[in-house]
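S.K.: Spelled out, the chains give:
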Amino acid sequence: MRIKIKLYASLRWKLFDEAEWECDPGHDIAAIVEQLGLPRADVGTVLVNGMHAGWEEPVREGDVLALLPRMGGG
Amino acid sequence: MSDKQQPSKNPASVIYQRCTIDLASGAAAFAKVPCKNLEDVLGGFGRSFQILAERRITDAYTPENPLILNTGLLTGTSIMTGMRSYFSGYSPLKKSDKGMPGAMWSTGSGNFGNKFKWTGLDEVIFENRSEQPVYALLKEGASGPEVELKPASHLMGLTGHEKIMALSKEYPDAHFAAIGPAGENWRTVFMGAVVLSTDNEISSDEPKSRFAGRGGMGSLMGYKNLLAIVAQSSDKIQKITPEIRDVNRDIIKSGGSARFQPVSQGGGGGTWANIEVLQAFHAVPLNNFRPKGNDDVERLFRDEVEKEFDIASEACFRCGIRCHNNLFHRNEDGSRGKLAAKFDFEPLILFGSNLGVHDPALVCDLIHRCDLLGMDAISLGTTISYILDYNERHPDQPLFNGASFGEYEKIAELIDDTGRGRISGIGQGVKRLSEEAGETSYAMHVKGLELPAYLPDTNPGYIFAIAGGHMSMGTHMMLAKEGKRSMDEWVQAVTTGGLLQVGYDMIGLCKFVGVGIGHDLIVRALREAAGLEIASQEIVASVRRAYLRGLALELRQGFHEDEEYTLPSQVMDNPNPAVTLPSFITREFLAELRQRVWGVFKPEMEGLLPAAGE
Numbered sequence: 002m003r004i005k006i007k008l009y010a011s012l013r014w015k016l017f018d019e020a021e022w023e024c025d026p027g028h029d030i031a032a033i034v035e036q037l038g039l040p041r042a043d044v045g046t047v048l049v050n051g052m053h054a055g056w057e058e059p060v061r062e063g064d065v066l067a068l069l070p071r072m073g074g075g
Numbered sequence: 074m075s076d077k078q079q080p081s082k083n084p085a086s087v088i089y090q091r092c093t094i095d096l097a098s099g100a101a102a103f104a105k106v107p108c109k110n111l112e113d114v115l116g117g118f119g120r121s122f123q124i125l126a127e128r129r130i131t132d133a134y135t136p137e138n139p140l141i142l143n144t145g146l147l148t149g150t151s152i153m154t155g156m157r158s159y160f161s162g163y164s165p166l167k168k169s170d171k172g173m174p175g176a177m178w179s180t181g182s183g184n185f186g187n188k189f190k191w192t193g194l195d196e197v198i199f200e201n202r203s204e205q206p207v208y209a210l211l212k213e214g215a216s217g218p219e220v221e222l223k224p225a226s227h228l229m230g231l232t233g234h235e236k237i238m239a240l241s242k243e244y245p246d247a248h249f250a251a252i253g254p255a256g257e258n259w260r261t262v263f264m265g266a267v268v269l270s271t272d273n274e275i276s277s278d279e280p281k282s283r284f285a286g287r288g289g290m291g292s293l294m295g296y297k298n299l300l301a302i303v304a305q306s307s308d309k310i311q312k313i314t315p316e317i318r319d320v321n322r323d324i325i326k327s328g329g330s331a332r333f334q335p336v337s338q339g340g341g342g343g344t345w346a347n348i349e350v351l352q353a354f355h356a357v358p359l360n361n362f363r364p365k366g367n368d369d370v371e372r373l374f375r376d377e378v379e380k381e382f383d384i385a386s387e388a389c390f391r392c393g394i395r396c397h398n399n400l401f402h403r404n405e406d407g408s409r410g411k412l413a414a415k416f417d418f419e420p421l422i423l424f425g426s427n428l429g430v431h432d433p434a435l436v437c438d439l440i441h442r443c444d445l446l447g448m449d450a451i452s453l454g455t456t457i458s459y460i461l462d463y464n465e466r467h468p469d470q471p472l473f474n475g476a477s478f479g480e481y482e483k484i485a486e487l488i489d490d491t492g493r494g495r496i497s498g499i500g501q502g503v504k505r506l507s508e509e510a511g512e513t514s515y516a517m518h519v520k521g522l523e524l525p526a527y528l529p530d531t532n533p534g535y536i537f538a539i540a541g542g543h544m545s546m547g548t549h550m551m552l553a554k555e556g557k558r559s560m561d562e563w564v565q566a567v568t569t570g571g572l573l574q575v576g577y578d579m580i581g582l583c584k585f586v587g588v589g590i591g592h593d594l595i596v597r598a599l600r601e602a603a604g605l606e607i608a609s610q611e612i613v614a615s616v617r618r619a620y621l622r623g624l625a626l627e628l629r630q631g632f633h634e635d636e637e638y639t640l641p642s643q644v645m646d647n648p649n650p651a652v653t654l655p656s657f658i659t660r661e662f663l664a665e666l667r668q669r670v671w672g673v674f675k676p677e678m679e680g681l682l683p684a685a686g687e
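Line by line, the protein sequences are chains X and V. Here the working numbering runs 1 ahead of the position in the first sequence, where the first position is 1. Here the working numbering runs 73 ahead of the position in the second sequence, where the first position is 1.
There's no promise every hint is true.
As the list claims (entries may be wrong) - Below 27 angstroms or equal to it, Euclidean Cα-Cα: the simulated BS3-like pairs (lysine-lysine) are:
| hint | chain 1 | residue 1 | chain 2 | residue 2 |
| --- | --- | --- | --- | --- |
| 1 | V | 554 | X | 15 |
| 2 | V | 309 | V | 105 |
| 3 | V | 554 | X | 7 |
| 4 | X | 5 | V | 365 |
| 5 | X | 7 | V | 557 |
| 6 | X | 15 | V | 380 |
| 7 | X | 7 | V | 380 |
| 8 | V | 105 | V | 223 |
| 9 | V | 557 | V | 675 |
| 10 | V | 365 | X | 7 |
| 11 | X | 5 | V | 557 |
| 12 | X | 5 | V | 554 |
| 13 | V | 171 | V | 675 |
| 14 | X | 15 | V | 326 |
As the list claims (entries may be wrong) - Cβ pair distances, simulated, as ranges:
| hint | chain 1 | residue 1 | chain 2 | residue 2 | range |
| --- | --- | --- | --- | --- | --- |
| 15 | V | 556 | X | 38 | 19 to 29 angstroms |
| 16 | X | 58 | V | 648 | 25 to 35 angstroms |
| 17 | X | 51 | V | 597 | 37 to 47 angstroms |
| 18 | X | 58 | V | 471 | 46 to 56 angstroms |
| 19 | V | 107 | X | 58 | 52 to 62 angstroms |
| 20 | V | 277 | X | 35 | 39 to 49 angstroms |
| 21 | V | 648 | X | 3 | 31 to 41 angstroms |
Said to hold, decoys possible - Example chain V residues on the side facing chain X (calculated, C-beta under 7 angstroms, incomplete):
| hint | residue |
| --- | --- |
| 22 | 328 |
| 23 | 341 |
| 24 | 346 |
| 25 | 347 |
| 26 | 349 |
| 27 | 350 |
| 28 | 353 |
| 29 | 550 |
| 30 | 554 |
No lab work stands behind these hints: they were computed from the structure. Note that CB positions come from ideal geometry on N, CA and C, so glycine has one too.
Let the hints inform the model, and build the full structure from the sequences given.
M.R.: Given below as structure tokens:
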């Protein structure tokens, strides 16, 4: 199945801004991040279709998966 | 200190060196002071707030209001980022509705903290005020620290950087804390910053200072006629033992600091990256904290700015995190030219998108002006954004020069005129200004301290910050990062993890170490570099007491526990549909949050302040 992946800030500088991505049905977000070759510690926030999501959540055909780096300040 | 003392059992076994300087007479008194509790031991605001709590101050600009300079336990050690110096006093800026000043501290890095510690002093209390402009020379003497007040009329009118460079010619082995023209104009500017010198600044003669900006401690210095503090000592760099080396390695490798490290090292590139992350939710402040759901801020993304400027990742003294993003102009031949500005998230947004200015070169110039004049970028930027908003709403009766969003030249004029004391109103902050203008709903402050560049619509935790929105309550990213918005989650965050943000403002390290204050790294750092065995839960308990003492001081200074622990009313009355994060802050939400948080805090606040008459 195909999903869209959007990366932000340091993550996109390392890989790409946005891409169509082929993955197996039932794959969870952790597996996709591993497939991308991103250390999980580099990812601070995960959104599926604009909603916050956890590592173990599965993605579905046509989902937009956004990965944001860890944020900090102060 | 003996090896591996346990100060929680016997804090008086830890002694710190205090000097009290009477600026009126020039007299100095030294004292070796035994610590009363663990807050004294850890230092920073944990110690200074106990001194402030002993005084009843009703006006920041009175001789009885002290300016306290101190360090944390790890300042001057070889633990990475251990450079912090702290400036505390009753703030000219932060004020309750009853007109009383709030206690404040402000802190910065650079090399001044190290040099100060190496003079042999842990704390200086500046009492009263000098009749004439002076600077204080703190130096290492043959038999202990020595202090001297010196005439400083020749420094009047110079920028903070110029003062530092002038003094460095006379004291080549020293570092400096100075005020800019804004601090000199303390009558009209309550948001003066303390400008701290860096090695890089002195060697390059470029204004790469660091700032202790919040709460107007630079203005308090100005009131006292104290234009600069010189810390002169030989370098006493602590030997790096294998254990200290391991702590520093772990600081660098920790995920907490990685986000602040240079992109070229695989890091996140500092707080600048927050723009892009928050823009994913259209939650970057724009036009006075009112995002429009458009892509205007994207011109300030790092890769866009890189097209025009050379970006260098630079560092404070011996810090491997290298969080400074200094922007340099490019010469025609492509080589690196003059320093344009340092780009951190706060000034970048508060002098950029939040003023409707999106051209990076113009944003650089505005930041640069603020820095040179020595003002707090958060307070000034947020106050100016209010003016631009007001003027957009009242084009026929505008404030000041009529500046509106995006009008760079008029905004630059407001900055210069404020810092040079040519106009009053702006420098006194957005709370006073909005009250005078009669429109407070979109004045972005809590308890008189202007908000940093994280939307109040996303952070009800701001109301329990005691020294600036995100520096003293670490809940500012919670909604964007984790999507949390239930009452239970916010009560938990404010009453447990959020308040521990202030722990770094005790121990002498920078928050960009990025681990929780009770982390094993901190325990090891204190053990190896300070020779003190303090358990994680003891550190956490001490930080909690220090925070709660600050909160108790706010109530004592007249801050109303309901009416002033609130957000700008625009947040509740006119939620912004352009922000894609959930809108959840209502008046009812804040009322319940207050009730539940006070319910946790108040019993613990009992006995933290001296009883009346003590």
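S.K.: Which hint numbers doesn't this structure obey?
M.R.: Per hint list: zero violations.
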